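**Q** The lines below spell out each chain.
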Amino acid sequence: MNRILPLGVIALGILAFATLMLVIGPAIQIKSMAPTPGLANYSAQELRGREQYVAQGCVYCHSQQPRSADQAPDAERGWGRAAVASDYVYDRPHQLGTMRTGPDLFNVGTRLPSRDWHLTHLYQPRAIFAWSIMPGYPYLFERKSRAGPGDVVVSLPAEHRPAEGVIVAKPAALDLVAYLQGLDHTNPAPARAVRDDGYSERGEPR
Amino acid sequence: MKTQLSGPPSPSETFEPYETMRPIPLGVLMIAVALALWGVVLLFDNSEAVAIGQAERADVLADQPARSDADGASLFSARCATCHQPNGSGVSGAVPPLAGSPFLAGRAEVPIAILLRGIDGPIRVRDTVYDGHMPSFASVLSDEEIARLVSYLRERFADRPAPVAAEMVTALRGELAGGSGWKGGQELAARLAPELAPQPSFALASRAEADPATMRLVNEGTNGSWACASCHGALGQGSETVPRLAGLPAGYIARQLESYLNGSRRNESMAVVARSLTRQERVALGDYYALLRAPSNARPSLGGDIARGERLVLEGVWDRGIPPCVSCHGPSAFGVAPGFPGLAAQHPAYTASQLAAWVSGERDNAQQKLMNGIARSLDDADRRAVADYLATLPPVPVAATKERADDRR
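Those protein sequence lines, which keep their order, are chains H and F.
If you count by this note's numbering, then the first sequence holds residues 1 to 206, one letter each, in order.
If you count by this note's numbering, then the second sequence holds residues 207 to 615, one letter each, in order.
Be aware that one or more of the hints could be misleading.
Short, incomplete list of chain H residues facing chain F, as computed with Cβ under 7 Å [claimed, not checked]:
1) A72
2) E76
3) S114
4) P157
These are calculated hints, taken from the structure and not from any lab test.
These numbers come from a predicted model, not from an experiment.
We put the beta carbon where it would ideally sit given N, CA and C, even for glycine.
Hey, can you work out the whole structure from these sequences and the hints?
**A** Written out as structure tokens, the structure is:
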């Protein structure tokens, strides 16, 4: 092979340049970023729930990055304003996701604040959405003949109730739901925040 | 073997092919240069768009607590003139006049206190007794705006040119925080301005508390469905795509619940809820939410153009077939019972989603399809503008007693 050295140097140079621009630069830019005003850190329970979210692989079907109005009608869907970099300061690792098999969940806590709704939905999504392709997570729940003190009973339509006894949420399910209820990034983002500007042009005339 | 084919001599095993230097054809070079130039131009073009986008967002953010540079006159025509009329004459028998009103002529605290809390009970203005509902503007007007508005009103309608300071509003807001509407002229006079007495007394019919069974549906849910309050909030104030219910007409609420049941309005969660309710329960829940009072927690969130939304709601665009929304939904979009729901202080994401739902056919439950055509003539930017503007309006004033709710129905 001819000119191995120059070829190798150029290839490595291109790789180094890309790493600089796509990895090192942005990392420096967001490293010391302050959280969006009004964004609270996770509680201990929410953090445990977040681990469940990661472990169950929810990220394979749900994104956590609403887009701006000129990219997608996410705000009108109730998914919240476009996310900015400082929304993710407490997320390590972030759960941005790439697939939207299901809705974006970055603000699910504001549009679905009900704990009991989430428990029903996690136990059996098809108890609510007959067409849903989201898997149920019955192993986060257990069947008991009767609810003990402090047990959270899952409310189910008659056709999904067990023949006898009640369905009770395990702590993992309660943690996961606490995390989902806490997903709220509707506090206004500063105008100069680091964000994806998309195709934002002057608002169309008329 | 003698008969070996004679061919070209085979190349050496270690030979590596190479290309001789040939210059790039001029055409290709020119295309490459043109592409690079184009890229640079696009980069510049886009940087301008990004700058514009950022400036616009800064504007929108500055707008958010309502356009705070609006002067008293424009605040009056945007917020008060639909009820009190542009010349301040009021509406005979329904809305008292501002022109010549003793409530403006006295201490400046009185109109400020009225704006901060609204009025529920009967009130006597210049020898006529009115018994309507004045909404509270505490959640939609800032202290500076209230000061500017009251200064303007007192100068125009009561010949009191001395301006009112925003500090006075701030102090009163602290003092009156959290209270419900003034119980008519009597409470106002007793607290702030004895010279306005005598005022009619407030008929002390306490709010018809819903029966325990209905309250259980609201706060605890049933085995098979969830508590209304767990989604719609403890005061029926809603959030994002969960609508505000407080102050919607009772008959309208009951009819929507029926629509979720029979499928003419599609929403899976509400369908589960509706399936768990009997007819009486639907009616009782409507009565309960119609009388609920909740401060507004809605704010513009779709990046819509608020001025354009205001124009659409108050004036419509006739040549595009869009009538003013207030012509059906009532002054200040407070609704007209029983058929026309209030839109004021509704959450933008919900309002926009409903306008989209009429276009897609997911909502098709009204007897007269009044909204279907209107929704179709609104484009995406209109939807966002209207929804964001409606979120800046004060919440629907709620009748304080069951009797009043009934005669509004």
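**Q** Indicate, hint by hint, whether the structure satisfies it.
**A** Against the structure, the hints:
no.	hint	in the structure
1	A72	violated, 11 Å
2	E76	holds, 4 Å
3	S114	holds, 4 Å
4	P157	holds, 5 Å
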